[in-house]
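Q: Generate the whole structure from the sequences, applying the supplied hints.
Chains as they are written, first to last, in the numbering used here: chain R, 15 to 186; chain W, 15 to 186; chain E, 15 to 186.
Worth double-checking, as some hints may not be accurate.
Given that identical chains are not distinguished, each listed pair holds provided it fits within a single copy or across any two copies.
Said to hold, decoys possible - Under the rule of at most 20 Å between Cα atoms (straight-line distance), these lysine to any residue pairs were calculated in the SDA-like manner:
1) Lys-95 <-> Gln-29
2) Lys-55 <-> Leu-30
3) Lys-186 <-> Glu-103
4) Lys-186 <-> Glu-145
Simulated from the structure, these hints should not be mistaken for lab results.
For reference, the chains in residue letters:
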Amino acid sequence: MTSMNDLLEFHYIQQLKYRYLRALDTHQWDLLSTCFAKAAKVWYAGGAFSHDGRDNVVKFLRELMPDSFISSHIVMHPEIKLTSETTAEGIWRFQDIVHFLEPNPVFALWDIRGGEEMTGAGYYYDNYVKEPDGWKFSSMGYERIFEVIEPRAGRLGLHVTVDPQFGMDRRK
Amino acid sequence: MTSMNDLLEFHYIQQLKYRYLRALDTHQWDLLSTCFAKAAKVWYAGGAFSHDGRDNVVKFLRELMPDSFISSHIVMHPEIKLTSETTAEGIWRFQDIVHFLEPNPVFALWDIRGGEEMTGAGYYYDNYVKEPDGWKFSSMGYERIFEVIEPRAGRLGLHVTVDPQFGMDRRK
Amino acid sequence: MTSMNDLLEFHYIQQLKYRYLRALDTHQWDLLSTCFAKAAKVWYAGGAFSHDGRDNVVKFLRELMPDSFISSHIVMHPEIKLTSETTAEGIWRFQDIVHFLEPNPVFALWDIRGGEEMTGAGYYYDNYVKEPDGWKFSSMGYERIFEVIEPRAGRLGLHVTVDPQFGMDRRK
Numbered sequence: 015m016t017s018m019n020d021l022l023e024f025h026y027i028q029q030l031k032y033r034y035l036r037a038l039d040t041h042q043w044d045l046l047s048t049c050f051a052k053a054a055k056v057w058y059a060g061g062a063f064s065h066d067g068r069d070n071v072v073k074f075l076r077e078l079m080p081d082s083f084i085s086s087h088i089v090m091h092p093e094i095k096l097t098s099e100t101t102a103e104g105i106w107r108f109q110d111i112v113h114f115l116e117p118n119p120v121f122a123l124w125d126i127r128g129g130e131e132m133t134g135a136g137y138y139y140d141n142y143v144k145e146p147d148g149w150k151f152s153s154m155g156y157e158r159i160f161e162v163i164e165p166r167a168g169r170l171g172l173h174v175t176v177d178p179q180f181g182m183d184r185r186k
Numbered sequence: 015m016t017s018m019n020d021l022l023e024f025h026y027i028q029q030l031k032y033r034y035l036r037a038l039d040t041h042q043w044d045l046l047s048t049c050f051a052k053a054a055k056v057w058y059a060g061g062a063f064s065h066d067g068r069d070n071v072v073k074f075l076r077e078l079m080p081d082s083f084i085s086s087h088i089v090m091h092p093e094i095k096l097t098s099e100t101t102a103e104g105i106w107r108f109q110d111i112v113h114f115l116e117p118n119p120v121f122a123l124w125d126i127r128g129g130e131e132m133t134g135a136g137y138y139y140d141n142y143v144k145e146p147d148g149w150k151f152s153s154m155g156y157e158r159i160f161e162v163i164e165p166r167a168g169r170l171g172l173h174v175t176v177d178p179q180f181g182m183d184r185r186k
Numbered sequence: 015m016t017s018m019n020d021l022l023e024f025h026y027i028q029q030l031k032y033r034y035l036r037a038l039d040t041h042q043w044d045l046l047s048t049c050f051a052k053a054a055k056v057w058y059a060g061g062a063f064s065h066d067g068r069d070n071v072v073k074f075l076r077e078l079m080p081d082s083f084i085s086s087h088i089v090m091h092p093e094i095k096l097t098s099e100t101t102a103e104g105i106w107r108f109q110d111i112v113h114f115l116e117p118n119p120v121f122a123l124w125d126i127r128g129g130e131e132m133t134g135a136g137y138y139y140d141n142y143v144k145e146p147d148g149w150k151f152s153s154m155g156y157e158r159i160f161e162v163i164e165p166r167a168g169r170l171g172l173h174v175t176v177d178p179q180f181g182m183d184r185r186k
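A: This is the structure:
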């Protein structure tokens, strides 16, 4: 049974996920850091990229995602379960689109030379912990359903326009 | 007017939809079966695929979606209305991506030979019924805004990587 | 701190956003008009398309989106904040797909001749006002992360099928 109070906790946990993804796609690394517990672990891409500790996670993401890594990660379908007063777990669907504007050595597997588009879909498997200042990720990982990589550079008539601010509100 | 209690019911109905889509894209047919009332009806693709009764619906989906049917169905924008204490209706936006790895006879219209990608968008029109063990679909259908099918096999440099577990958590 | 009552207001504001997007993609201009306060302002595409007043906004969208403009706009990740009893602001992620079936003079920048697909991602920055009959947009704008335009007419084997009713429920 879900209570009204559970709905509030789900709300806070969802806000955490949204803030994390906004920090990720807008390259706001300080904001992103606040989303993780100090001892957080991540296992992205089914464990291909695993890191322990908030600082290592943020360092990895900064190196993976330079200015030439243009991304849109979207999540939906949250299935969240409170496992104690201060812990929870959640499954989310995601889809992602990445435009590689330049070579990317972190994606060594794929020989990214710039001009590639990557699209994919899968599931996030998260664990959350409630700290004095709110919910944080204690772990986060994902498994893909599929991943597609395709070189597009030089394709006739293709225009890829990128916002140098990654969509942040420029009125401010 | 929406009450706090309505928010709880909306939450349960949304969880049903998310569970259905997770069962669908991960090919968990037993889990999928639990999402439907026994007399449920579906009318997919504007009625092109219509089936009566939970067992017939699940049988149809199993045949449509063999291991070589790799899909990502996502939904958003739920507009749900309670129509009685035990019934409700809902409109959802959806988008879907399908990678056909092999010929698919169910999509007879399109002569699917393997290597095609299908993408689309539209609206689900659902009806729900509250049974003793929770909300179920009494009917589900969708109309498309558009549908795109394109053969991609042999396209230069294209890599489509598929998870044999369709994104399920392999740590378990 | 978020209260139970705040969750209700967030729900109403989300319903407004979903109704707006359904009206937009199904070309229901009268329904779309009811989503805006009379003095509403919009600044789409980082301000490239700015309009003042509900009637001007609707007039612009009608001209931008004739029957040959087939679109799927999806939003997620709502981060909504109540700023008074009758005002609120919100950030949403969005992705959009547009199929241009014919030349479109409003997109003068891109020389749209028909057959192009546009895809993009970004953030909506909304302001809301609570009127006697519910929440309305007092302003709405977006910044893109990226935008891709590609001519596809004549591509081998490509089928784009469009519903003349843009996905509306034809059973009614």
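Q: What are the numbers of the hints the structure violates, in ascending order?
A: When the structure is compared with the hints, only number 4 turns out to be violated.
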